[in-house]
Each structure stands twice: as C-alpha cells, then as structure tokens.
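Participant: Those protein sequence lines, which keep their order, are chains A and B.
Mapping of the first sequence onto this note's numbering: position 58 corresponds to residue 58, and the numbering continues sequentially without gaps.
Mapping of the second sequence onto this note's numbering: position 602 corresponds to residue 602, and the numbering continues sequentially without gaps.
Everything labelled a hint here was simulated from the structure, so no lab data went into it.
Among the clues, some could well be false.
To be verified - Label-pair distances were calculated between CB atoms; the ranges are:
#1 Gly84/A with Met533/B: 40 to 50 angstroms
#2 Lys372/B with Asp117/A: 29 to 39 angstroms
#3 Ala219/B with Asp117/A: 46 to 56 angstroms
#4 Glu31/A with Lys687/B: 38 to 48 angstroms
#5 Glu109/B with His34/A: 32 to 42 angstroms
#6 Pro554/B with Glu31/A: 48 to 58 angstroms
#7 Glu31/A with Ala219/B: 30 to 40 angstroms
#8 Gln414/B with Asn119/A: 55 to 65 angstroms
#9 Val663/B with Asp117/A: 22 to 32 angstroms
#10 Arg730/B with Asp117/A: 46 to 56 angstroms
#11 His34/A with Pro225/B: 53 to 63 angstroms
#12 Asp117/A with Lys270/B: 30 to 40 angstroms
#13 Asn119/A with Arg13/B: 24 to 34 angstroms
Yeah, the Cβ is synthetic: ideal placement off N, Cα and C, and Gly gets one too.
These are the residues of each chain, in order.
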Amino acid sequence: MSKKSLQLTINGEPYELTVEPRTTLAELLREELHLTGTKEGCGIGMCGACTVLLDGKAIKSCLVLALKANGKEITTIEGLAAKGDIHPLQKAFIDHGAIQCGYCTPGMILSAKALLDENPHPTEEEVRMAMAGNLCRCTGYVKILEAILSVRP
Amino acid sequence: MPRVDGLDKATGRAVYSPDMELPHMLHGKILTSTYPHARILNIDVSKAERLTGVKAVITARDTPDVAWGFMIKDQPLLARDKVRYIGEPLAVVAASGKDVAEEALDLIEVEYEELKATFDPEEAMKPDAPLIHEGLEAYTTFWPSIRYGNVCSHVKISRGDVEKGFKEAFRIFEDRFTTQMQHQCYLETHASLATVDLGGKVTVWTSSQAPFSIRSELAETLRIPLNKIRVIATQTGGGFGGKTDISVEPYCVLLAQKTNRPVKITLSRKEEFTISGPRHASIIELKTGVKRDGTIISRQAKLIYDTGGYAGPGPGVASLGSTYAVGPYRIPNIKVDAYCVYTNKTNCGWMRCPGVVQTNFASESQMDIIAKDLGKDPLDLRLRNAVEDGDLSPTGQVLHNVGLKASLQKAAQQSGWGKKTKEKNRGKGISCVQYESLGMASSALVKVNEDGTINLVIGAVDIGQGSSTILAQMVAEELGVPFEEISVSTVDTEITPFDTGTIGDRVTYNMGNAVRMAAADCRQQLLYLASSMLEANPADLKISDKLIHAKGVPEKGVPISEVSMAGHYFKGGPITGRGVFFAEPPAYDQKGVEGHAFPSAPIHTFAAQVAEVEVNPKNGKVRILRIISAHDLGFAINPMLAEGQIEGAVAMGIGYAMTERLVEDKGNIVNPNFSDYKIPNILDVPKIEVFLVGEKAKDGPFGAKGLGNPGVALPAPAIANAIEDAVGIRIKDLPITPEKVFFAKISPDERGR
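Just chain A, with the same shape it has in the complex (with noise of 0.2 angstroms):
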C-alpha cells in the first residue's frame, strides 16, 4: 500500500513523515522515530502502557492510526521533562515508590497528567476512575495513587 504523508507535532517539535496508512501511533513513535518510552504491552488498547497525549488528551496509541494524527500535537513521555525539569507527577512517582519495573509508567504518567490538566483537584475517586484503562502488575496501585494525590496543588 502506498505511504501517505503525515504533518504532526511530536513534542513540541513539528515532523513531516509519510506512513503507511495501517502504521498505528504506537508503532510510529517506537520503531519509526524510536521514542521508545511509550510502551506496548497488549496491542488492543486493555493495558494503557502505550499512553500518550493527543491534543492535551490521554489516548492509547496502539488503538489509533498514525494518520489519525494529522494536524494533532502529541506528547510522549520524553516530552514531559524536555525543558529540563521533570514534571512533578514524574517526581512524586520518584518518591512515593509508584514505580517498580517501570513498564507501565510512561502511561500512567501520562494518563495522571491528562486528568490534572483537566481536573486539579481530583478525588481519591476520581483518579481511581480516570487511571482505571493503565494496569500496573507490580506496586498494587497503592503507592500510584499517593503519588497522584500528593500533586495536586
């Protein structure tokens, strides 16, 4: 099948890309422009390890086509800390302990990140529902959910 072009914001850095119309998000980030730290682990969009932001909000990107980003901006996880310092979500999953192997927390970064922008103030409730799609298997969620609570301003 023939490449179509793609005009897309990755980032804050503008890429002019031609895709194969089948090329899923994910697989564009990862083996195409090797952001490697948005994750797979299921290729159905059940685990949330490849979450990233499209236009400010949290998607799965192995469920949406490359294409389907045309004219977006999408941030990756590499773009959370690019000017330098690292987000605040990224330090209070430092220090709570949130993360283990690490595998899921790009995505649930990201996804925590969606819900804050939208709603500062979430309730214990609230981030339970908004990170329901993200599956971790090593910390039990108790320490993710301290750490999203404690960013809130």
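Starting from the known structure of chain A, arrange chain B on it as the hints suggest.
Facilitator: Same frame as chain A, now just chain B:
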C-alpha cells in the same frame, strides 16, 4: 530512599528488550503447533523460504538434537518427533520485517498424525492414559526424582504415623480444593535481540530474571561454550518467575547464526499467554485430624499439579508445594504425596510463591472449616498450632527466626479482629503462610575508584523489586560513604560475577551477604592503605562520611578519595573488594523425604493477612473492602520498597482469588488477551495496609530476609474465609467468581445476617 533507576524509568529513558535495535536487524517469528498431541510427519518450509524478505527458516532438523529442561531434560527447542501442546514451537523464521516473517509462518506446511490427547491430570495419571513422554524414565534429571507414566515427578514427605493420628483425632476433616492456571502478566512481553560475531561469539540482550541461567541454557541447547556467550540484561519489565529460563533467546541466536545478522523476537501478548509458562493448575486434597481443643495431630495431603506438555520447573513447584501443604503449623503426623503430571496443555512455569499459593488456599481454607466446626476463633486455632523457633519444618529442618505469631497478631490487631461487623453481608477472614528464601550462589565486586566513588558490580538483575537500590544501601552502610556515591552495574555475564538469579526471594539474603562481604573487603584494604598514611594500626581506624580516621578522632582523617588515588597510582594498587556467598542447604530428615528437589532452605519467611469483604447475595458479587497484611521479613533495608513489593503481591493475589483464570478448552487457550483474562486494575484493589514485623534474622545481611513471594499466597484464602464469615458459603474452587458465589445457594438465614 527512592530507587536508583527511578529517574530513567519516570522519563522513558530506561531501555527494555522490546526497545532494542541494531543496524541491519532482522525480525523473528515462531510457528507453533495447532494440535495438542500429534506426531510430526513432515514440515515443508520451501514456500516460506522463497518468500521475498525471508532470510532463514529453522526447524528441529537444523538444531542440535538436545533435550533441555530446568529439572528434567525432556524438551527440544523446536518440536522434533511430536508435539505435546498447542503452542509448542515448531519452526522459526527471520525476515526483513515483522509482517514478512508473519506471512512466512502461513507458508510453512506441517503434516501431523493426530494422537489421543489427555487434558485432565487425574485422567492422565490412570494406567490406560495416552503416554505423553514415552522416554520419561530415560531422561536426565538434576535430583533423584521418582517418575512413571505421565507423572513426571512424585514427591513424598512422611513423618510420624498419620493413621495413628487419625485414630486419636476427635474430628477428621476431608476437603478437596481446585485452583486454576494464572499467568504472570508482566506488562513487558518476552523480547530478545541476538547477534553473532565472525568468531562465533554470541551476544544476547534480553529481559530476564536470571541472565546466568539464560547463558547456561543457551550453552546447553546450542552447544556453545559459556565463554562464547554474552548475555546482557536490559531493564526487565516484570518477571514474577516467568522470565527465569530461556524463552525466545535460543531462537534469536539460531537465526542470527544462520543469517549472520542481528535478530530480534518480541512476543505478542497472545503468544505470551500461549507459549510461556503460567502458574500450575492444581487439585489439593487434605485430610486433617484434630483434637477437641483444636490441636492438629495428623495431616494427609494429595497434591496434583498439572504441568502441561513438558515438566519445566513443575517438579520444583510440586516440591515446594509438598513442604508447605501442612501450612505453617506444628503437626506431628504428616504424609504428603505431590504429583507433577504431564497433560497436553500449555507448559506451566515458575510463578511467584510457586506450588505454595495452591496449597495455602486449601490449607488456610480448611483451617476455617475446622475452626467453625469446633466453634473456635480462626485466629486462636492458628495461634495454637503455629510453628515457633526450634520447631521442625515438614522435611525435618529446624526453623529459626519464625515471625508467624507476630504476623498473625499484628494483622489481627490492626483489623479489629474479634469485633463482629454489624453490617449485613460483611465479613472478615484471616490467613497466614510460611515460605522460604532460596539459597545457591551469589558473588559481587565492589570497586573503589580513584576519586573515592564506588562501583557495585553484580550479576543479579533488578526486575523492579528494587534490589539495586537496597544493595547500594548496604554498600554505603558497610563502607561509610553516602548512598549517592554508589553506582550499580547492569548485568553482563561476560563482566559481572556469577549470581544464580532473581528468583525465590533470594537476592536480598544471598546477594546482600555477598555485597556486604565485598564492601567489607574494600574497607579492610582501605584501612590498610590508610594506616601507613596516618601512621596508625588498621585495627584502630574506621571510615565515616568518606573519611578514614582513627576511632574517636574524626577531625584528623584522610579522605577515601586520597587513599584510593594513592592506591591506584603510587602504592598498594587499586581497591577491589570481592564477596561470595553460598548458603549450604541446612540439614533435614532424609528418611522422611523422597523425590524432593528443594528439601531445605537457608531461611524462612512468614506473613499473615486479614481481608474484609462485602457480598451482594442478589448477584454473588464480592467487594473487597480492606486488606491488612503483616510480614516478617527480618529487617527492612528500605521500608518503602518493601511495602511496594507486598502491595504488588497482594494485588496479584486478589487477581488469583477473584478474576484471573487462563481458560483452556481441549488444549486451546481461549482467553489469551487482557480483555478476556482480567488482571486487577486500580478499581479492583482496595486499600492495602502493610505492616512489617519480626526480628532481625540471623545470617541475613543487616538482619534482612526475602519478601517478594509470600504476599501472593494470602488473599485467596483470606477472602474465601471472609466470604464464609459474611454469608456462610464456602468456595473451594478458584477463582471466586460471582456465579460461584451466587450458585452456592446462600441460605435465607445468611442473607439476613
């Protein structure tokens, strides 16, 4: 103390195996069997080989005729004469892209002659069952095993006289429990990248818990000497036992050898569920004799572990299960028969608290059945029978540092045990467990650099549990330098000294001791070098805050950096500390134990838990309200990381109790994905309250012992017991689905409680 790799993981910089790439790299794919039991008549790869982009196709004919297996050498890398389960690897392909490799698999033609299959372990144990391994008795094993028919391992433990015990008993309880296959579900699937240089030297980057096991298994299966294999551990995205032995590594190497190009294989989640080894399903039958006062005097146990097409670690799983089938209790008369049985199902493997998760569900459920019948409090019944220091383990090993009663009392006290909940359909349940830290070899190097900073060089992988952090803490403490001065190596089998692996709760205890010795060795060398500079006796010197000084005179010190610099360039030589630790297996009662792979352990761990639940009698749904978990881990080097380990284990145990079941139908895994196989998400895990109890363990580094495993064995029985307390029904088959609760016919009486 936050973990040493936190920043890289939080920013996406940490590199895992699926992230690895090399120039000119090919992608590999695995063709697997579609029959549960069949003779292979022919494999025709010619069409696949002709497909554009395909660089190599390999079948058993192209590989050394070697059978391997962690415990029993029963398994070819690629099926040779017959297939024994659906999902068994038959051929591997390397191609320029993943899609081409996938397409090539469809072009491989396999001719089978179907054989009668067996899927039920009890059926498989019958004399007329189809034989899965005709050559079982001729196979090589690493321990004196008992094996026959489809039973690849029969483990026996016997002490006292169970029949006499039953005769003396006031009551005898007989119960049968069944448990399901559970998958480790590390979020990172298996992935490896291999390259071979022109001298034949192999380098493999892989996600593994035990890189030295990967190296030796590659050497064994591919007939390459150990010094020609270099295994480099990437970050590991979770293991839980499932990344202990070779998986895709040998296929990557075989394809790299044939193509002279780097080859990478990443398993899909579906392949992960069908190819790699989940937790064994089991059938547990317990017969327990009890005196009127609640003292347990006799226990007979029959354990059947369904290992699937190959033994894998199954005999070890059955061995561990056999030891702990009596629970953490002092029982004078015991007889345990554990059977590890071949069936034509997916191959099972190691998974957190192997063998014991199954027996503990049964044993701890039966404890409550007994307590209810005798009108005793479940906590009191446990305390009455709980093992203490000086008691014997079932295999006759003398126990020490037993923190069981402390764990039970702490969990009970924190949960408000004894106060009946007033709310309808709510209940509390308690459970406890004994487990062990595996021994075997660990070795470590500590290097003091010219500037006084430290490199800790170890062969133990941090798979997320935080070992690199706590081992660095130990070096800092032993050497008297700040934690930030320690840099911990990644594992590279060519460079880092040997370690058995991040398995069986062994790293803190074994590697901790090795690391501590290596740091102490450095300290001695530093003091000796400094003694001439300070004109003092080394015995009168100490190190604190990076300064070597005479005891009591910290103001007249010389910095470690100065001493080390002098050693490197002027006198004495560089400072490298070496530590090796090998815990000799403790003595046990050899005449009461047969066919057991791990009859004794250097140290034991204990834990107890209370679960509080609410049952909805209208639909059978169970809501877990609270989990209180108390763990005897000796001394916690890093309490935050220790709590995290326990919380994760509890969540995995909740999944095991409530939702997780790998469903198999005639050998087919029918739910190989995260929508049909449900691991807990953040809504499924309640508040988990963790308490660390126990006293410093003798021989443990700074008094520490392992802790990753036991937490997973507690939720299933605690929740089952809480459901019984809430609505009076007893579930003996995992997982505890709403259907099972609903159809267990909650009586109108109980509904009204």
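Participant: Against each hint, give a clear statement of whether it holds in the structure.
Facilitator: Comparing the hints with the structure gives:
| no. | hint | in the structure |
| --- | --- | --- |
| 1 | Gly84/A with Met533/B: 40 to 50 angstroms | 42 angstroms, holds |
| 2 | Lys372/B with Asp117/A: 29 to 39 angstroms | 53 angstroms, violated |
| 3 | Ala219/B with Asp117/A: 46 to 56 angstroms | 52 angstroms, holds |
| 4 | Glu31/A with Lys687/B: 38 to 48 angstroms | 40 angstroms, holds |
| 5 | Glu109/B with His34/A: 32 to 42 angstroms | 37 angstroms, holds |
| 6 | Pro554/B with Glu31/A: 48 to 58 angstroms | 56 angstroms, holds |
| 7 | Glu31/A with Ala219/B: 30 to 40 angstroms | 32 angstroms, holds |
| 8 | Gln414/B with Asn119/A: 55 to 65 angstroms | 33 angstroms, violated |
| 9 | Val663/B with Asp117/A: 22 to 32 angstroms | 40 angstroms, violated |
| 10 | Arg730/B with Asp117/A: 46 to 56 angstroms | 48 angstroms, holds |
| 11 | His34/A with Pro225/B: 53 to 63 angstroms | 35 angstroms, violated |
| 12 | Asp117/A with Lys270/B: 30 to 40 angstroms | 34 angstroms, holds |
| 13 | Asn119/A with Arg13/B: 24 to 34 angstroms | 29 angstroms, holds |
Consistency note: the structure conflicts with the earlier hints numbered 2, 8, 9 and 11.
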